[in-house]
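There are 2 protein chains.
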Amino acid sequence: MLRISPELAAEGASRSPGLVERRLLHEEVVGRLRDMIVQGELAPESKLNERVLAERLGISRTPLREAIKYLASAGLVELAPNRGAKVAPLKPEKVKEIFVVLGALEALAGDLVCRNANDADIAEIRALHYEMLAHHARGDLAAYFRCNQRIHLKLVERAGNATLAQVYGSLNAYVLRARYIANLSRGRWDKAVKEHEEILDALVRRDGARLKLLLRDHLANKLVLVMEALGHAPESAPAQPAAG
Amino acid sequence: MLRISPELAAEGASRSPGLVERRLLHEEVVGRLRDMIVQGELAPESKLNERVLAERLGISRTPLREAIKYLASAGLVELAPNRGAKVAPLKPEKVKEIFVVLGALEALAGDLVCRNANDADIAEIRALHYEMLAHHARGDLAAYFRCNQRIHLKLVERAGNATLAQVYGSLNAYVLRARYIANLSRGRWDKAVKEHEEILDALVRRDGARLKLLLRDHLANKLVLVMEALGHAPESAPAQPAAG
DNA sequence: TTTTTGTATTATGAATGCAAAATCAGTGGA
DNA sequence: TCCACTGATTTTGCATTCATAATACAAAAA
Numbered sequence: 000m001l002r003i004s005p006e007l008a009a010e011g012a013s014r015s016p017g018l019v020e021r022r023l024l025h026e027e028v029v030g031r032l033r034d035m036i037v038q039g040e041l042a043p044e045s046k047l048n049e050r051v052l053a054e055r056l057g058i059s060r061t062p063l064r065e066a067i068k069y070l071a072s073a074g075l076v077e078l079a080p081n082r083g084a085k086v087a088p089l090k091p092e093k094v095k096e097i098f099v100v101l102g103a104l105e106a107l108a109g110d111l112v113c114r115n116a117n118d119a120d121i122a123e124i125r126a127l128h129y130e131m132l133a134h135h136a137r138g139d140l141a142a143y144f145r146c147n148q149r150i151h152l153k154l155v156e157r158a159g160n161a162t163l164a165q166v167y168g169s170l171n172a173y174v175l176r177a178r179y180i181a182n183l184s185r186g187r188w189d190k191a192v193k194e195h196e197e198i199l200d201a202l203v204r205r206d207g208a209r210l211k212l213l214l215r216d217h218l219a220n221k222l223v224l225v226m227e228a229l230g231h232a233p234e235s236a237p238a239q240p241a242a243g
Numbered sequence: 000m001l002r003i004s005p006e007l008a009a010e011g012a013s014r015s016p017g018l019v020e021r022r023l024l025h026e027e028v029v030g031r032l033r034d035m036i037v038q039g040e041l042a043p044e045s046k047l048n049e050r051v052l053a054e055r056l057g058i059s060r061t062p063l064r065e066a067i068k069y070l071a072s073a074g075l076v077e078l079a080p081n082r083g084a085k086v087a088p089l090k091p092e093k094v095k096e097i098f099v100v101l102g103a104l105e106a107l108a109g110d111l112v113c114r115n116a117n118d119a120d121i122a123e124i125r126a127l128h129y130e131m132l133a134h135h136a137r138g139d140l141a142a143y144f145r146c147n148q149r150i151h152l153k154l155v156e157r158a159g160n161a162t163l164a165q166v167y168g169s170l171n172a173y174v175l176r177a178r179y180i181a182n183l184s185r186g187r188w189d190k191a192v193k194e195h196e197e198i199l200d201a202l203v204r205r206d207g208a209r210l211k212l213l214l215r216d217h218l219a220n221k222l223v224l225v226m227e228a229l230g231h232a233p234e235s236a237p238a239q240p241a242a243g
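For the record, the sequence lines run as chains D and W. The first sequence begins at 0 in numbering that gives the first Met the number 0 and counts up one residue at a time. The second sequence begins at 0 in numbering that gives the first Met the number 0 and counts up one residue at a time.
One or more hints might be untrue.
Remember, identical chains collapse to one label, so a pair may be satisfied in a single copy or spanning two.
Claimed, not checked - Straight-line alpha carbon distances no greater than 20 Å define the calculated SDA-like cross-link-like pairs of lysine to any residue that follow: (1) 46 with 172; (2) 95 with 82; (3) 85 with 26; (4) 85 with 22; (5) 46 with 60.
Since the hints were made in silico from the structure, they are not lab data. Bear in mind the structure is a predicted one, so any value in this text is a computation, not a measurement.
With these hints in hand, go ahead and build the complete structure from the sequences.
If you want it as structure tokens, here you go:
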């Protein structure tokens, strides 16, 4: 049997030039599976048939199973004893929960980024912002989404707390899957862009307190969109902490 | 070879009476390893020899490896390619990071618990509080620690956001290991108890805003203790968001 | 027709086998 | 004495194999 599929081998190539690339097969698979799940290639609830998946990836079941356990810990996959694994369902209730936690984390990130980020960091975010505006102007929703996501991730990353970034990323992955369902109306889209203008402004002025509030509102609006996409009108506002 | 060690089999017994117990071996192992790590039986940095550990647990390497991958995702274990796994080191820098995130999460929990918890929940926490006072009065530090931990976990749990509780627990596990190093002075201990009195008071009065602040301060004090235990005087205050 | 039961097939869970990499012990040389 | 090298041993990573549970399906009974 083949040792590794060409695609997998190619993926992790070219990191730091002097060092030999040295990754574990199951880590490659984790990355690959995560992408497949987040991008919807593996739909929520879909069963992960070990034999089929292993064959498709050109590996044996062992590293695949290890990767599945890893993703199960991250919450992207659910395990049923003797019944295998499936992609975690996109439960509206859980989405709400995650948004509440993400709200607290983004608020924290907003606070921290205003203190810790240097001018280059902010310039980078600003550049992404304009790139995003370009996608908006062209009406390229997919590109807009990707860019938007990069901005939020960059913001959290530049808060200077790796743990925060990691937890954020992990929770975000679960929710991100809904994005490919969502379909923004023009009005909503314009509103989101306007919010981003304000976010950038607060960031540039390093107004942490304001950035915090803006990010929270932005996230709350995003939640509404996601819930609509999932076919659940948000009956009651999610339990958000008072903006104190 | 034995299928399962008696100890492991006993652990998950007695759920709902009609149903047969049905757990995965690697899940048992995850629980067991996590305990061993958190309780210091497996010290930070210590190598996880697969053959030895598997023998000790009475299982083969396969489910053990799966459990290790699971814990690696949770951050309790670190993997080095071709060099196996070791218990994640207790890095002071990372401890600080985690405390910052835990601060945001506990603040959120404090807010939520004041809205969502019912009287029974609060009565339960109050009971734990008095139990803790008893341990304090007797000078039983270990029992105090355990009870203290249960209070904080219960508080987060009763916030009514399972995702929050899960993330909190996961981050907490990393930091918890330092507890068995720490050695509280009497003065510090008394102070911590006093803080808990205030926390309970705010909870009973459902004063979310105040509870939030109390929890944050309490956590900040705890961080100081932990850092001292790790031999790192906290040079500068950790980047905490403004209490606004 | 519907339900149930027995059987064949398939998938999962765990153990074992095997090759490659890392570690260690010992030797030789500077 | 210290270091570099070499071969043996250990350990890891992955594949394969085996046992058991789940599923599908057909035949029999209600």
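Evaluated hints:
| no. | hint | verdict |
| --- | --- | --- |
| 1 | 46 with 172 | within (18 Å within a copy, 31 Å between copies) |
| 2 | 95 with 82 | neither (28 Å within a copy, 40 Å between copies) |
| 3 | 85 with 26 | both (19 Å within a copy, 17 Å between copies) |
| 4 | 85 with 22 | between (25 Å within a copy, 17 Å between copies) |
| 5 | 46 with 60 | within (15 Å within a copy, 26 Å between copies) |
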